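S.K.: Next come the chains, spelled out residue by residue.
There are 2 protein chains.
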Amino acid sequence: MLSAFILMGNVLNAQVANVLKLNSPNNLMELKFYLDEQGRPRYGFKAEGLPIVKDGRLGILLKDAIGLDKDFVVDSHYTLEMDDSWTTVWGEEKQIRNHYRSLNVRLKQILGATKRTLILEFRLFDDGLGFRYIFPEDGNLGLFTVSDELTTFPLDADHDVYWIPGDYDTNEYRYSRSKLSQIHALQFSEDNNIAFKQSVHDSLVQTPLMMIAGDGYYLAIHEAALVHYPAMNLEIDRSKLELKSHLVPDVLGNKAYLQGGDKTPWRVILYAKKAKDILTNRIILNLNEPSKIADPSFIKPGKFIGVWWEMHVGKSSWNYWDKSTALSSKFWKKVNHHGANTANVIRYIDFASKHDIPYVLVEGWNEGWEDWFGAYREHIFSFSKPYPDFDINAISARAKAKNVKLIMHHETSGAVTDYERQLDTAIRFMIQYGYPGIKGGYVGKIIPRGEHHDGQWMVDHYERLASKFGLNKMTMDLHEPVRPTGLHRTYPNWWSNEAARGNEFNAWSRGNLPEHETILPFTRLLGGPMDYTPGIFQIKMNVYDSAKKEQVHTTLAKQLALYVTMYSPIQMAADLIENYEKRPDAFKFIKEVPTDWDTTVVLDAEPGDYIYMARRERNGKQWFVGAITDEQERLFEPDLSFLTPGKKYTMVVYRDGDSADWERNPMSYVIDNKTIRSTEKLKIRLAPGGGCAIQLTPAGKN
Amino acid sequence: MLSAFILMGNVLNAQVANVLKLNSPNNLMELKFYLDEQGRPRYGFKAEGLPIVKDGRLGILLKDAIGLDKDFVVDSHYTLEMDDSWTTVWGEEKQIRNHYRSLNVRLKQILGATKRTLILEFRLFDDGLGFRYIFPEDGNLGLFTVSDELTTFPLDADHDVYWIPGDYDTNEYRYSRSKLSQIHALQFSEDNNIAFKQSVHDSLVQTPLMMIAGDGYYLAIHEAALVHYPAMNLEIDRSKLELKSHLVPDVLGNKAYLQGGDKTPWRVILYAKKAKDILTNRIILNLNEPSKIADPSFIKPGKFIGVWWEMHVGKSSWNYWDKSTALSSKFWKKVNHHGANTANVIRYIDFASKHDIPYVLVEGWNEGWEDWFGAYREHIFSFSKPYPDFDINAISARAKAKNVKLIMHHETSGAVTDYERQLDTAIRFMIQYGYPGIKGGYVGKIIPRGEHHDGQWMVDHYERLASKFGLNKMTMDLHEPVRPTGLHRTYPNWWSNEAARGNEFNAWSRGNLPEHETILPFTRLLGGPMDYTPGIFQIKMNVYDSAKKEQVHTTLAKQLALYVTMYSPIQMAADLIENYEKRPDAFKFIKEVPTDWDTTVVLDAEPGDYIYMARRERNGKQWFVGAITDEQERLFEPDLSFLTPGKKYTMVVYRDGDSADWERNPMSYVIDNKTIRSTEKLKIRLAPGGGCAIQLTPAGKN
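Top line first, the protein sequences correspond to chains G and P. Under the working numbering, the first residue of the first sequence carries the number 1, and numbering increases by one thereafter. Under the working numbering, the first residue of the second sequence carries the number 703, and numbering increases by one thereafter.
Read the hints as simulated data drawn from the structure, not as lab findings. All values reported here derive from a predicted model rather than from experimental measurement. Mixed in with the good hints, there may be bad ones.
As the list claims (entries may be wrong) - In silico lysine to aspartate or glutamate, DMTMM-like type, Cα no more than 20 Å apart, as pairs:
{"#": "1", "chain 1": "G", "residue 1": "Lys-63", "chain 2": "P", "residue 2": "Asp-1120"}
{"#": "2", "chain 1": "G", "residue 1": "Lys-263", "chain 2": "P", "residue 2": "Glu-1080"}
{"#": "3", "chain 1": "G", "residue 1": "Lys-468", "chain 2": "P", "residue 2": "Asp-773"}
Claimed, not checked - Cβ-to-Cβ under 10 Å is the rule here; a few derived chain P residues that face chain G:
{"#": "4", "residue": "Ile-836"}
{"#": "5", "residue": "Thr-847"}
{"#": "6", "residue": "Asp-850"}
{"#": "7", "residue": "Asp-952"}
{"#": "8", "residue": "Tyr-959"}
{"#": "9", "residue": "Ala-1077"}
{"#": "10", "residue": "His-1081"}
{"#": "11", "residue": "Pro-1150"}
To be verified - Calculated Cβ distances over 10 Å to all of chain G for the following chain P residues:
{"#": "12", "residue": "Ile-768"}
{"#": "13", "residue": "Arg-1079"}
{"#": "14", "residue": "Gly-1152"}
{"#": "15", "residue": "Lys-1349"}
{"#": "16", "residue": "Gly-1359"}
For glycine and all other residues, C-beta sits at the position ideal for the given N, C-alpha and C.
Make the full structure from the sequences, and use the hints.
M.R.: Structure follows, in structure tokens:
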């Protein structure tokens, strides 16, 4: 489809008393913009007649300068209609339609000798709204420092909300559901086994914020294209039922250092009548800039195994030396269970090769793991010095011979100044040994000291990293970064992130509730793929240590279903080799499920309850279905009309055993084989905490 | 001379009641150490029977941990005598003797379950004392954070002091002289035309602190080997006449992040009966570690000219684009007086080559000068992108053909995170074009925001830089860094620093008093060489702009004398080419004076009044004499007995004209030629603010 920019003088359907109004392409959404009696910009957003956001405030306060919040007049404005579609490098869909009407309002501030200009840009889609502040180059703004952003979202009612506490440094919380007015962020902030967090305010929550309105619609607030600006938390005014932008500060309490030519990220409101339509809302991707990677052919979605889960279950260690003896290396002894040793890594390489898994992650390969945790120091990790028992030449040669690529692990321990200093050397090292990308980590307080994971300085860092790795044809998957905002469109080599509570919490803490994975796609994943690390077959941890009571809160079949319901172009098969070798029939699904899709159909979904999803592989005709449930048993009765009518399909169903239950019998599963057509009626039991994965191959195709 | 370590059981001449005493090699200095009734370490220092420091306190307070300040017992102690000498890579002297007795006291803290250890090391010389804290690797200290250092220097009397205000970010103050008890730092902190400063405390002064005792001795307090620790300011207790260590904090208020195996810099007290002997005190160098540069042959002392003073006098600009038009580059126009253009740089190269000057500095060659000052932003400067009118290939080719090396200018604007990020690229660029080193700059508030020029983070940065440039066989000369502490012994490629109020203040501010250069060698230069940029022949600025009232507070002859009195291995001939071409007879001295010496003899000196100094060139027999005075006219009657007796010397005297005066007639000078012997009696008038430079060449040698 060709892009279509249409200047639309006639879309503004009422301009009474300086109110500008704009309708969405299907005319069901309405935006209004006006300046109030003090010249303060205001906006409202209606969906199908419902007042979703009522008279929200807009404005930016500056440090040591007059704010960009009032005394404005409208200098000029124009509207456009855009209807375009674009092809993703990888993703849940191959083609994405971008259809909106936009309103661009140029405001002039009438105070003072220097006339300053601020532009507000709104894009109204059929399923939501995005808007941002633009600081024009010729707007007499110069250099300025943002002290606060005044954007508010006054809501229509006391919605139910899926939320995690506002925080400047982490998103690894369990989700809570409560009425907006009943949210008390701090009561949940202490109980999450999170190493480093900075929750600061009882009325502060993070985005993406998922809301369920009593009168039958769903709403999510997030941001898109977070670049050179801090992340936005939302501050709740419980009496007004209003959310206000709360930007993550820097060490001096400033929010952002900007200048003419800069713009804020988009503030985004996603709207749907049905929960499942939130999951295919593409506004956030559409509001991001097109790919900056000229030739993305080096970005090859796929799966990986890795020397990783064995550390989380206590079988081996990241560190090579025994850190418990004394601080000085003079006094260190070797541990006898270092995971990233040559023989073990080669075992992973051989297994990956045997099962056509393209990547192997190795954690603990490099110097620095003895005294890093919480050290809050620079010069802890080297990103180019392997431990003595990691024979990098032998390992690299084996990987090359076996056609497997090794993903480098770069744990910064938050010492980002030091990491950036070493980065050129690290990249040269990666080029030397043929590494295609990194898994990065930011566990710990950030250095520069006083900066936060989600502040402007770090947001700049992540983008710089994506750009630099991109130039070097390398990918990155960051753990503990700021939560994503669709930047994987612009930097498709930044192909995944953690930025939420991942599967590993189940290995050593009270873990994640069975409902956790039914919430994530409605919250965290709205911003982009997550490296959740599914595929755990050995669900109870007492196998590794009889004293352990921890377990993954899942059935085995649900772990398979997650490969469909929880999207990432790079997916881990996270469990140990030996656990996969014991269950080759179930592992077959992990081998076969793709990580890049042509089409996604959400069969049904309700946050906190269940997600049923079907996806067709990119450049192929197979379909894969994933169905997961929370702690409730459910009957999954998928409508298979997404299949080509009349065509026969070979179906393999990986389902919970009849007595399966996440707590009492999690590892019971059944595999059924059958030939079916799209009219087939299925009834599949999902166990409490269970799930189901289905592979559908057109008959005649292998 | 062989190094001589002698274990000296007998030097401790009294051990009554846990008091350990140590005498200096000549037995005229005495150190005592003891633990008081609370187990707090204490020390005292006597010189020739005078109680220089009386019962100083020692100790380190930690953040969130019990302090290392009391409840100690002496675990063990030993003493050594060292008599050694070592050869400098370059310097004021070729050979330096290192003769001291040391006392090493191992303290154990008796509180708590974990027995922690702290070592105090004292080195007592015939002309002063150094001591430091050592945190042993096996001392059960782990990682710790210093919140305060308790070291005090309780003085014997209310000495006269040459001081500048304590500050966390700058040393570019004019010096004041007052009684210790009369120092009010803040009263002088506002009046110095310093771009960025952080003076915080009315009783705070910086080191090196020069004191003149009423009863006839001189004292200077400084530190040596400032590594991985913040700089020390001194806090004055006016009633007790006591100075206390005040460490520069980081953004969180912490002082230093250390661990077992670390040590503090040396706290140093220099002592002399005569002021002139302070100038040849080598304790600070002796307390630094030997050179880490295995092959220092790439470090070639010499002189440089540069595209620099012309910007300070307003003849040309650093920036290529006119920054006054608007912020965005879209709106910029070219300036018509950009200094670092190809033709101008080639003019400097040709002049340098013609006069055997090995180096040419170029400032303003690189992108970023439009909007840098005070911007407090990253991504301002590029260190590998020349301006369009700086034809780097043509310039580099000309420099190569003319056997001249270009010194790169790296102005960071304080954005050190960004500089470190670009450093690998910058060094590769320097290698590509054959640049031998940098002049670095730190004008502005530091990024990481909230860090200070003189805090631990920046101290680490400077050392990292010295090490990295050293590995790449490059030199560095830093402007606006922390003041030096003798680290040029360890990193001889870190060959100069500004770190004080330089000559350029005279070009555009009330400038420096005529006494300024008679104080600097007694203060700032105790730590190491200074890039003061002498050699200004055109002394009044009204030549460049008739409205200008500024001038250098000097005569022309004094500018020549500074090449002898103000040591640096890399000395600028700072004035414009045309000013040198007008006075080739005077410029001859600049051409001939070396920057590397075999021997230094201070004929006489008094801080704030005059300095008379003679030096013999390294690997040669010529002597050079420099004599400078403050605003007072003086008769300089040098004793030439440093010359080889009986030998004839050709003498060239560059002296003030008979009516010369820094204010009324600064550019009047006379050059006398004569043949003399060491018994010659000279009488040379030094004009107010004047000086005299002498070259003495053994007759028969050319």
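S.K.: Please list, smallest to largest, the hint numbers that this structure does not respect.
M.R.: Failing hints, ascending: 1, 3, 4, 6, 13 and 14.
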